[in-house]
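Model the full structure from these sequences, guided by the hints.
Listed here are the chains, written in short residue letters.
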Amino acid sequence: MAEVIRLGDRMGIERFCIYLGYEREYDPDPRQMRAHNDSVLRALDHYRHRAFGFVYLNPNYLDESLKEFDRCVRDGPMVGVKLWVAKRCSAPELDPIIERAGAMKAVIFQHTWFKTNGNLPGESTPMDLAELAARHSTVPVICGHTGGNWEIGIRAVRSRPNVWIGLAGSDPTNGFVEMAVRELGAERIIWGSDAGGRSLASQLAKVTGSTVPEEAKQLILGGNLKKMMLPIIKAKGFRL
Amino acid sequence: MIDTNVYLSRWPFRRLPGDDTAGLVSKLKAVGVTQAWAGSFDALLHRDTGGVNLRLKQECSRLGAGLLEPVGTVNPAQPDWEEDLRRCQERYSMKAIRLHPNYHGYGLDGAAVKQLLFEAARRKLLVQVAVQMEDERTQHPLLRVAPVSLKPLAAALRAAKGVRVQILNHMRLAPEELKELAAAGDVCFDFAMVEGVHGLARLMKTIPVERIAFGSYYPFFLIESALGKVKEASATEQQMRSIFTATAQRLSGDGK
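Chains as they are written, first to last, in the working numbering: chain X, 12 to 251; chain S, 141 to 396.
Hints in this document: simulated from the structure, not taken from any laboratory. All C-beta atoms, glycine included, are put in the ideal place defined by N, C-alpha and C. A few of these clues could be false.
Lysine to aspartate or glutamate pairs mimicking EDC-like chemistry, simulated, CA-CA at most 16 Å apart [what the hints assert, rightly or not]:
id: 1; chain 1: S; residue 1: K235; chain 2: S; residue 2: D394
id: 2; chain 1: X; residue 1: K126; chain 2: S; residue 2: E276
id: 3; chain 1: X; residue 1: K78; chain 2: X; residue 2: E110
id: 4; chain 1: S; residue 1: K319; chain 2: S; residue 2: E274
id: 5; chain 1: S; residue 1: K319; chain 2: S; residue 2: E276
id: 6; chain 1: S; residue 1: K345; chain 2: S; residue 2: E317
id: 7; chain 1: S; residue 1: K169; chain 2: S; residue 2: D159
id: 8; chain 1: X; residue 1: K237; chain 2: X; residue 2: E198
id: 9; chain 1: X; residue 1: K238; chain 2: X; residue 2: E226
id: 10; chain 1: S; residue 1: K371; chain 2: X; residue 2: E226
id: 11; chain 1: X; residue 1: K126; chain 2: S; residue 2: E274
id: 12; chain 1: X; residue 1: K126; chain 2: S; residue 2: D275
Ranges of calculated distance between the beta carbons of each label pair, as one might list FRET restraints [what the hints assert, rightly or not]:
id: 13; chain 1: S; residue 1: P315; chain 2: X; residue 2: D56; range: 31 to 39 Å
id: 14; chain 1: X; residue 1: E110; chain 2: S; residue 2: G245; range: 50 to 58 Å
id: 15; chain 1: S; residue 1: P315; chain 2: X; residue 2: Y37; range: 25 to 33 Å
id: 16; chain 1: X; residue 1: E14; chain 2: S; residue 2: G190; range: 47 to 55 Å
id: 17; chain 1: S; residue 1: G245; chain 2: X; residue 2: K247; range: 26 to 34 Å
id: 18; chain 1: X; residue 1: D56; chain 2: S; residue 2: R312; range: 30 to 38 Å
id: 19; chain 1: X; residue 1: N128; chain 2: S; residue 2: R155; range: 36 to 44 Å
id: 20; chain 1: S; residue 1: G336; chain 2: X; residue 2: D81; range: 32 to 40 Å
id: 21; chain 1: S; residue 1: L203; chain 2: X; residue 2: E194; range: 51 to 59 Å
id: 22; chain 1: X; residue 1: H57; chain 2: S; residue 2: P281; range: 43 to 51 Å
id: 23; chain 1: S; residue 1: L203; chain 2: X; residue 2: N128; range: 34 to 42 Å
id: 24; chain 1: S; residue 1: G245; chain 2: X; residue 2: D20; range: 44 to 52 Å
id: 25; chain 1: X; residue 1: P224; chain 2: S; residue 2: E350; range: 36 to 44 Å
Set out below in structure tokens:
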């Protein structure tokens with residue numbers, strides 16, 4: 012965490028949203044899930060002034076996930092939910108998670124990819140997220156990675172005003188942000204780094220190197236996420 | 141600043157900001173690039189390689205503003221590839237050629253590749269090898285192309301002594317593979333696709349910085365990505381001189 016903060020200082024990043032510990036189980040059991048979240052809680056103990064935490068949940072263990080949400084978000088310092096590849100997010104098991112997170116205005120980040128060479132069995136596509144978003148139309152959700160194949164991902168969530176796209180975690184391909192601003196508007200785009208796995212530089216370049224107006228870049232780089240997080244930040248008495 | 145990895149013409153699957161030559165030159169100049177080695181996206185799928193190289197040369201001359209250095213393509217799986225190589229150097233005064241083995245359907249272990257490397261060494265031409273053009277996960281489903289295997293390259297280099305090679309768009313080479321290639325001959329690398337928060341810093345610790353040359357893969361990638369990686373890696377002034385200029389000058393034969 013210290014190293015990420017150091018690099019963030021060098022590259023101009025003020026706050027990080029952190030989730031997941033060091034292991035990468037695709038379908039963590041409750042013990043593993045708690046271990047991930049304990050890692051994040053420990054990091055927050057030291058870096059609360061530089062980081063926000065998201066609780067990692069596994070819809071295959073719904074009761075335990077709801078308890079983890081309560082432990083880490085309702086009763087703890089975390090402000091968001093991270094969903095990864097354990098279960099396709101269009102599944103009805105996610106509904107109680109979304110309802111509980113939505114009630115607290117927690118930020119919801121769902122990993123999505125639409126891989127030409129095939130997704131993992133539980134890996135959501137942006138189309139899955141669009142289905143979930145339709146069932147919870149008043150709850151904002153972030154389409155993590157915009158499906159990787161962003162030309163498809165942007166289209167998949169275009170008609171769902173409660174879906175924001177996340178830019179992180181794909182190559183710094185030219186034209187991504189331009190298409191996103193054109194189709195969704197700058198207000199629905201959220202920058203992220205996917206650090207460790209990605210360099211901060213390649214992910215920042217997606218916005219800094221794009222041809223969209225400077226006001227749009229500022230919204231994407233921080234303004235939109237700040238606005239999304241503000242209700243839960245205020246409720247918890249944190250400062251942005 | 142020399143950018144060793146730039147492309148003209150159109151990526152087959154979408155328009156890219158900067159994919160018109162004048163716009164590309166303007167962007168490169170704006171970020172401080174003084175020389176850019178430009179291949180052509182046409183080289184991937186067009187079979188008239190001679191036409192690709194002629195248009196590339198003409199485009200660089202017409203709109204390159206003294207900044208674009210054309211890098212022609214040679215496809216050793218085609219008949220009479222030797223003539224393309226000859227034209228690149230003798231007719232177009234190119235200092236380098238760029239290979240796309242995965243789009244041309246050959247491996248680096250064939251007899252023609254060995255012959256090409258030998259000829260390039262004889263002609264003192266730099267050979268660039270593009271390992272990949274796009275993440276396999278995002279490729280168009282009708283054109284899925286695996287990255288080039290560099291495994292045969294070390295042996296091929298040892299047989300073609302003196303050839304200068306630059307590997308472009310490598311992503312997941314293990315330290316042992318990097319070291320083996322660097323030891324096999326005069327091999328340099330760009331870092332356009334090197335990822336992870338310590339990606340470039342690790343590369344700089346694995347091979348001498350004199351084997352690393354700046355290459356952005358613009359306009360497919362945003363040039364700010366490669367520029368930012370140098371900042372992220374906390375390169376020293378001396379390292380930056382090497383990465384941005386000296387290595388490329390030596391590769392092209394312009395350095396001492």
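How the hints compare with the structure:
Straight-line distance between C-alpha atoms of K235 (chain S) and D394 (chain S) comes to about 10 Å, which keeps the hinted pair within the 16 Å bound. For a cut-off of 16 Å, the pair hint linking K126 (chain X) to E276 (chain S) stands: about 8 Å separates their Cα positions. For the hint linking K78 (chain X) to E110 (chain X), the alpha-carbon distance of about 14 Å falls within 16 Å, and the restraint holds. Distance restraint check for K319 (chain S) and E274 (chain S): the Cα-Cα separation of roughly 24 Å exceeds the 16 Å cut-off, and the hinted pair is therefore not satisfied.
A C-alpha spacing of about 25 Å is found between K319 (chain S) and E276 (chain S), which places the hinted pair above 16 Å, so the restraint is violated. Of the supplied pair hints, the one linking K345 (chain S) and E317 (chain S) holds, its CA atoms being roughly 14 Å apart against a limit of 16 Å. Only pairs whose Cα atoms come within 16 Å are accepted, and K169 (chain S) paired with D159 (chain S) is accepted, the gap being roughly 15 Å. A distance of roughly 11 Å separates the Cα atoms of K237 (chain X) and E198 (chain X); the hinted pair therefore holds under the 16 Å criterion.
Using a Cα cut-off of 16 Å, the hinted pair K238 (chain X) and E226 (chain X) holds, with the two alpha carbons roughly 15 Å apart. About 25 Å separates the Cα atoms of K371 (chain S) and E226 (chain X), which puts this hinted pair outside 16 Å; it is violated. A C-alpha spacing of about 13 Å is found between K126 (chain X) and E274 (chain S), which places the hinted pair at or below 16 Å, so the restraint holds. Straight-line distance between C-alpha atoms of K126 (chain X) and D275 (chain S) comes to about 10 Å, which keeps the hinted pair within the 16 Å bound.
Checked against the hint of 31 to 39 Å, the C-beta distance between P315 (chain S) and D56 (chain X) comes to roughly 35 Å, which is consistent with it. Our hint of 50 to 58 Å for E110 (chain X) and G245 (chain S) holds, since their Cβ atoms are close to 53 Å apart. Under the hint 25 to 33 Å, the C-beta atoms of P315 (chain S) and Y37 (chain X), about 27 Å apart, fit the expected range. A beta carbon spacing of about 51 Å between E14 (chain X) and G190 (chain S) agrees with the range 47 to 55 Å that was offered as a hint.
A hinted range of 26 to 34 Å is violated for the C-beta pair G245 (chain S) and K247 (chain X), which are about 58 Å apart. Remark: the range hint 30 to 38 Å for D56 (chain X) to R312 (chain S) is upheld by a beta-carbon distance near 34 Å. For N128 (chain X) and R155 (chain S), the hinted distance range of 36 to 44 Å is not satisfied, since their beta carbons lie about 25 Å from each other. Under the hint 32 to 40 Å, the C-beta atoms of G336 (chain S) and D81 (chain X), about 35 Å apart, fit the expected range.
Roughly 31 Å separates the CB atoms of L203 (chain S) and E194 (chain X), a value that falls outside the hinted 51 to 59 Å. Remark: the range hint 43 to 51 Å for H57 (chain X) to P281 (chain S) is upheld by a beta-carbon distance near 45 Å. For L203 (chain S) and N128 (chain X), the Cβ-Cβ distance of about 37 Å falls inside the hinted range of 34 to 42 Å, so the restraint holds. A beta carbon spacing of about 47 Å between G245 (chain S) and D20 (chain X) agrees with the range 44 to 52 Å that was offered as a hint.
Taking the beta carbon of each, P224 (chain X) and E350 (chain S) are about 41 Å apart, inside 36 to 44 Å as hinted.
Violated hints for the displayed structure, listed by number in ascending order: 4, 5, 10, 17, 19, 21.
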